[in-house]
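S.K.: Chain residues, written in single-letter form:
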Amino acid sequence: VIGGGGSHAGLRQVTVSSPVDVCSFVEELGPDAVGELQLGANGASHGAVFVEQGRVCWAAARGLARRFTELLVAHTGASARTVEDVVVGCLADGSPFGERLVEASVVSPSQLRATLLQHAAESLHVACREPAFGTWCPRRQRGYASRFTFTAAEMLARTLAEENVDAARVGKALLEALLDRDDGGAVFVRRADRSTPQPVALAGVFRADARGLIRAGKWAASALDVAADNGAEPFIAASHEDITLVAWTSGALLMVATTTPLGAARLLRHARADLGRSIHGRV
Amino acid sequence: VTLPGGFDLDSAIDAALARRPEASALACVDAGTGIVLASAARDADAMDAIESGAAATTIIATTPPLEGAFTDEDHATDRAMVVSRRWVQVHERVPGRPALFVVGVADANANIGLLASCVRDVSRILGECA
Numbered sequence: 001v002i003g004g005g006g007s008h009a010g011l012r013q014v015t016v017s018s019p020v021d022v023c024s025f026v027e028e029l030g031p032d033a034v035g036e037l038q039l040g041a042n043g044a045s046h047g048a049v050f051v052e053q054g055r056v057c058w059a060a061a062r063g064l065a066r067r068f069t070e071l072l073v074a075h076t077g078a079s080a081r082t083v084e085d086v087v088v089g090c091l092a093d094g095s096p097f098g099e100r101l102v103e104a105s106v107v108s109p110s111q112l113r114a115t116l117l118q119h120a121a122e123s124l125h126v127a128c129r130e131p132a133f134g135t136w137c138p139r140r141q142r143g144y145a146s147r148f149t150f151t152a153a154e155m156l157a158r159t160l161a162e163e164n165v166d167a168a169r170v171g172k173a174l175l176e177a178l179l180d181r182d183d184g185g186a187v188f189v190r191r192a193d194r195s196t197p198q199p200v201a202l203a204g205v206f207r208a209d210a211r212g213l214i215r216a217g218k219w220a221a222s223a224l225d226v227a228a229d230n231g232a233e234p235f236i237a238a239s240h241e242d243i244t245l246v247a248w249t250s251g252a253l254l255m256v257a258t259t260t261p262l263g264a265a266r267l268l269r270h271a272r273a274d275l276g277r278s279i280h281g282r283v
Numbered sequence: 001v002t003l004p005g006g007f008d009l010d011s012a013i014d015a016a017l018a019r020r021p022e023a024s025a026l027a028c029v030d031a032g033t034g035i036v037l038a039s040a041a042r043d044a045d046a047m048d049a050i051e052s053g054a055a056a057t058t059i060i061a062t063t064p065p066l067e068g069a070f071t072d073e074d075h076a077t078d079r080a081m082v083v084s085r086r087w088v089q090v091h092e093r094v095p096g097r098p099a100l101f102v103v104g105v106a107d108a109n110a111n112i113g114l115l116a117s118c119v120r121d122v123s124r125i126l127g128e129c130a
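Line by line, the protein sequences are chains A and B. First residue of the first sequence: 1, per this note's numbering; consecutive thereafter. First residue of the second sequence: 1, per this note's numbering; consecutive thereafter.
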């Protein structure tokens with residue numbers, strides 16, 4: 001069965017043209033899914049995405065077999081031999097190697113998480129370069145700690161950041177400087193070769209799944225386009241119950257945030273600095 | 001425009017603008033179509049801003065669900081604002097008439113809080129009367 005997440009006799013397949021398809025598919029599997037999405041075309045494997053409890057725990061791509069070790073060595077200064085000894089031991093007994101690397105003090109938990117995410121993003125980016133079919137194969141649970149696994153939305157933004165590195169870095173830093181503790185935000189880039197804005201970074205507590213992330217980007221782009229004043233895109237805030245969804249542009253970046261009405265006023269103050277104006281009064 | 005029940009929308013918007021100096025223009029907009037049902041403005045530029053604001057209303061009248069992979073139902077916006085270099089627009093849903101929004105426009109340097117209060121008051125009046 002080929003198509004958007006079709007299923008037949010336990011076999012599920014999906015047509016993959018971008019990381020958006022993979023992350024949406026993973027999300028549709030639900031929070032209990034454990035298994036492997038194998039990506040390939042014309043008999044050739046492009047890679048695979050491994051899912052534990054509905055979250056991405058690992059991704060692999062052809063040509064990147066040693067990349068995790070390279071990244072870990074670069075991030076921690078540990079020797080490649082030390083890392084590989086732990087990984088080989090884990091492969092032999094089937095235990096999650098990330099936790100074992102932390103236990104062995106090869107890497108700190110935060111370093112491990114960052115390395116795993118970067119590795120998975122690079123792998124998914126490479127595996128999705130060419131159109132592919134994904135085949136979902138359920139597997140038994142391996143017990144990865146959820147702190148070392150990633151939501152589909154997190155995976156999507158980090159993967160799309162691979163081809164928008166500077167935008168992701170600048171946008172994330174900007175959002176982190178602007179958002180309050182309970183706020184959340186996402187950075188998008190608009191590219192001529194993509195029909196929808198591409199999420200490239202998340203910041204704060206942005207409660208969105210992968211599809212919600214894409215929807216937020218589309219909404220923001222449409223609203224900003226329609227409300228543009230002589231070609232200059234404005235600042236928009238729309239409130240639904242206690243949540244205010246805010247959209248504005250900063251240079252080439254499309255910013256979306258969830259905040260409170262007072263938080264929206266604070267973000268407006270920033271956006272108005274870009275517009276060369278100061279805020280008067282509160283919303 | 002006369003709403004069901006005989007409520008004269010044009011007169012209500014005209015009267016509201018005359019009473020409230022905070023706004024440069026006021027309008028009642030159908031959020032589904034962006035059609036301006038009634039409007040009043042102090043000058044032609046403010047009226048133009050109302051027209052473009054009405055187009056924006058069709059999009060910002062709802063926000064997308066951010067969570068829930070299988071839901072396509074948008075959330076109904078209660079209020080919204082659009083701030084550009086030239087104008088501030090405040091959009092407020094009319095209580096009891098969910099298809100209608102009151103849109104108020106003021107100069108970008110105007111006090112947004114006062115404009116929001118004005119638009120909220122007008123939407124309440126329309127909600128009570130319409």
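Hints are supplied without guarantee of correctness; some may be wrong.
Said to hold, decoys possible - Pairs of lysine to any residue, SDA-like flavour, derived with a Cα cap of 25 Å: (1) A:K172 / A:G263; (2) A:K218 / B:D78; (3) A:K218 / B:A55; (4) A:K218 / B:P98.
The hints are simulated quantities; they were obtained by calculation from the structure and are not laboratory data. Quick caveat: nothing in here was measured; it's all calculated off a predicted structure.
S.K.: Now tell me if each hint is right for this structure.
M.R.: Hint-by-hint comparison with the structure:
Taking the CA atoms of K172 of chain A and G263 of chain A, the gap is about 17 Å. The hint holds against a cut of 25 Å. Distance check on the hinted pair: K218 of chain A and D78 of chain B sit about 20 Å apart at the alpha-carbon level, within 25 Å; holds. Between K218 of chain A and A55 of chain B the CA atoms are separated by roughly 16 Å; this keeps the pair inside 25 Å, and the hint holds. At most 25 Å may separate the alpha-carbon atoms for a hinted pair to count; K218 of chain A and P98 of chain B meet this at roughly 23 Å.
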